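Colleague: If you read the sequence shown in the working numbering, its first letter stands for residue 589, the second for the next number, and so on.
Among the hints, a few may not be true.
Pair ranges (Cβ atoms, derived) [as the list claims (entries may be wrong)]:
1. Val684 x Glu649: 24 to 30 Å
2. Phe697 x Asn616: 42 to 48 Å
3. Phe662 x Val619: 53 to 59 Å
4. Ser637 x Ser605: 25 to 31 Å
Quick caveat, the hints were computed from the structure, so don't treat them as lab data.
Just so it is clear, the structure is predicted and the values come from calculations on it, not from any experiment.
Here a beta-carbon is modelled for each residue, glycine too, at the ideal position from N, C-alpha and C.
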Amino acid sequence: GSLLATLAEADAAVVNSHHHQAIASLGNNLVATAWTADGVVEALEDPRSDRFVSAVQWHPEMGWKEDKLSQALFEHFVSEAARHALDRIIDVAMEVETRKVMARLNPHFAKFKEQFGAAATGRCPRRCRRPRSRCAPSR
589 GSLLATLAEA
599 DAAVVNSHHH
609 QAIASLGNNL
619 VATAWTADGV
629 VEALEDPRSD
639 RFVSAVQWHP
649 EMGWKEDKLS
659 QALFEHFVSE
669 AARHALDRII
679 DVAMEVETRK
689 VMARLNPHFA
699 KFKEQFGAAA
709 TGRCPRRCRR
719 PRSRCAPSR
């Protein structure tokens, strides 16, 4: 089932459909999930799990105080936006922490490299910048 059907808790819903434009064709990866009785697309979604795309052709902002489906649409939208923001905050925090750890490790790695030379880096001792396994033997 679609997200819209889940939010509506039904296979059909009454909406305030009054428009003079309609979707002629769907873009890539989009799926129509609701239609008027005469076949006009009223809602679409992108079913891929790594994004949130849900669009309706009617006006859920009109009468939302009394309409459970409109309330569910807005609540879900806000929830997804908050989840996305939190994911982004976590990504940035992890990146910052990784940089801090690397900054603390770099001096230790430099000492290790000094002590063990090119062998520690796995690079050619002649500094040809290729991995040791692809370097021609010294003559």
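Colleague: Please go over all the hints and tell whether each is borne out by the structure.
Modeller: Against the structure, the hints come out as follows:
1. Between Val684 and Glu649 the CB atoms are about 38 Å apart, so this pair departs from the stated range of 24 to 30 Å.
2. In this structure, Phe697 and Asn616 meet the distance hint of 42 to 48 Å, their C-beta atoms being roughly 45 Å apart.
3. At roughly 21 Å, the beta-carbon separation of Phe662 and Val619 lies outside the given 53 to 59 Å, and the hint is violated.
4. In this structure, Ser637 and Ser605 meet the distance hint of 25 to 31 Å, their C-beta atoms being roughly 29 Å apart.
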